[in-house]
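Q: Listed below are the residues making up each chain.
There are 4 protein chains.
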Amino acid sequence: MTSESRLDAIREHISKDAFANFLGAEVEIPAPGHSRVSLTVTADMVNFHGMTHGGLIFSLGDMAFAAAGNSHGQTAVALNVNIYFLKASKVGDRLVAEAREISAGGRTALYEIKVYNEDTGDLIASSQDLVYRKKEWFVSA
Amino acid sequence: MTSESRLDAIREHISKDAFANFLGAEVEIPAPGHSRVSLTVTADMVNFHGMTHGGLIFSLGDMAFAAAGNSHGQTAVALNVNIYFLKASKVGDRLVAEAREISAGGRTALYEIKVYNEDTGDLIASSQDLVYRKKEWFVSA
Amino acid sequence: MTSESRLDAIREHISKDAFANFLGAEVEIPAPGHSRVSLTVTADMVNFHGMTHGGLIFSLGDMAFAAAGNSHGQTAVALNVNIYFLKASKVGDRLVAEAREISAGGRTALYEIKVYNEDTGDLIASSQDLVYRKKEWFVSA
Amino acid sequence: MTSESRLDAIREHISKDAFANFLGAEVEIPAPGHSRVSLTVTADMVNFHGMTHGGLIFSLGDMAFAAAGNSHGQTAVALNVNIYFLKASKVGDRLVAEAREISAGGRTALYEIKVYNEDTGDLIASSQDLVYRKKEWFVSA
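Residue numbers (my numbering), protein chains in the order written: chain A, 1 to 141; chain B, 1 to 141; chain C, 1 to 141; chain D, 1 to 141.
Calculated from the structure, these hints are not laboratory results.
Take these hints with a grain of salt, some might be off.
Simulated crosslink set (DSS-like; lysine-lysine; CA at most 27 Å straight-line) [as the list claims (entries may be wrong)]:
# : chain 1 : residue 1 : chain 2 : residue 2
1 : C       : K135      : A       : K135
2 : A       : K90       : B       : K16
3 : A       : K134      : B       : K114
Next up, chain A with everything else stripped away, as it sits in the complex (with noise of 0.2 Å):
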């Protein structure tokens, strides 16, 4: 297997996120290590002051970390998440949440996130990310 069919593979395996596709993100891995997702804050996703919901944020955040955490085709979960949220959004708005691997070594991996507002540039949440990774591999090394 190429290094870029087997990256096709494990993107395959990716798309398969029944929370992301329900919400209507778009999951996309630029190279291993690497995500942006991407969503369009509907009516159902805001909370009782009429703003984004956080939960929603979170998650367009945790699936580009679940992405790049599992981007080497090695089966990664979720130790923490930290997030900061730093500005309201709202119904329309169309977000993009980026995440990188900054740092790898042993059975845990580390990584960034931000969350953007597309339309307007502001940064929403920034967030890091810890994940274990288990010595299994879904695309095979």
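Let chain A serve as the given structure and place chains B, C and D on it in line with the hints.
A: Relative to the frame of chain A, chains B, C and D by itself:
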């Protein structure tokens, strides 16, 4: 307004959480500073490993956080959530998030949220969550 | 080795925390998974606002975390600490950090640490802390 | 007061960090919102595993955070720090913490702090840190 009818007005406002309603979550506020949110995991709420999605687990905790954080009738917005994922769960499991206020002073307040699998009793996630309290009351003090 | 003499061997190893000794902290391990560390704030331990330094408060919590995390005799290293600073304290205050294990499974374990001002009873910091457990025992199992 | 002499007055105030001076840390503020703190690990700064103490690494990051957070002359106090420990270091290593402001708005501001081993270039810790800005200026605006 008695304190009980005041709390009912607050519950009424918090019940308008569109994302909670969309996902089928039930939100209870036994007392100010304390909330409980429950939900049954559906096939739409899993990740590509086939387990409950981290975004869903977080969202449940976030709904409990928002309910507890706003349970005094003062508008509170999330500054930060830090969550640890401790155990996997799956389609059909009944999850319950419970939030308790552990510190409040000045413009911020801190909450502890635990998410349990109601069927097995397992602790599946634990978080600490910080709000900023605006000088706004959605139910007057 | 009885379980009590085994715990004493663990306490003996943990008492060699050079930074704790340097700062004058007292470390106790009442039982596996549970520790208490106390210290009196000196004039060397304040920040440029004249209050107890965040690094000192964290260090106290970290010593409790390390003591509880290693209290089984298995080498545990910190992956992550997330701390909230809730109240200021000052020179002369007696601070106590208490750590409790709230989840352990596989290669990681989670602890809750609270730092109190012993004089006033105030909760001054609260954290959750995650360790990775190596396949090494500094006191054999 | 020119903006350069104003920044010097701020640096002068921040240089009074007693705990930084006690530990031998050097604090620099190249520009508002940006700081660098360095220190050589001594035998007093290790844990019972013989590696650099987590409390010391955190303290270094916290000094950078405090310097960057207060570099506008406005009194800023730490609300939360979330730190990941990525690599061990040891006695004699030269560590450098660098803090950068990534978001500021209203009463809170967020910083990213990276701690490097200056000798090897390794990233040894990464954190995000949140401050609350009081309506007080220690150097007038």
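Q: For each hint, tell me whether it holds in the structure or not.
A: Okay, the hints, checked on the actual structure:
1. C:K135 to A:K135: 15 Å, holds
2. A:K90 to B:K16: It holds: about 16 Å lies between the C-alpha atoms, which stays within 27 Å.
3. A:K134 to B:K114: 25 Å, holds
In summary, this structure violates none of the numbered hints.
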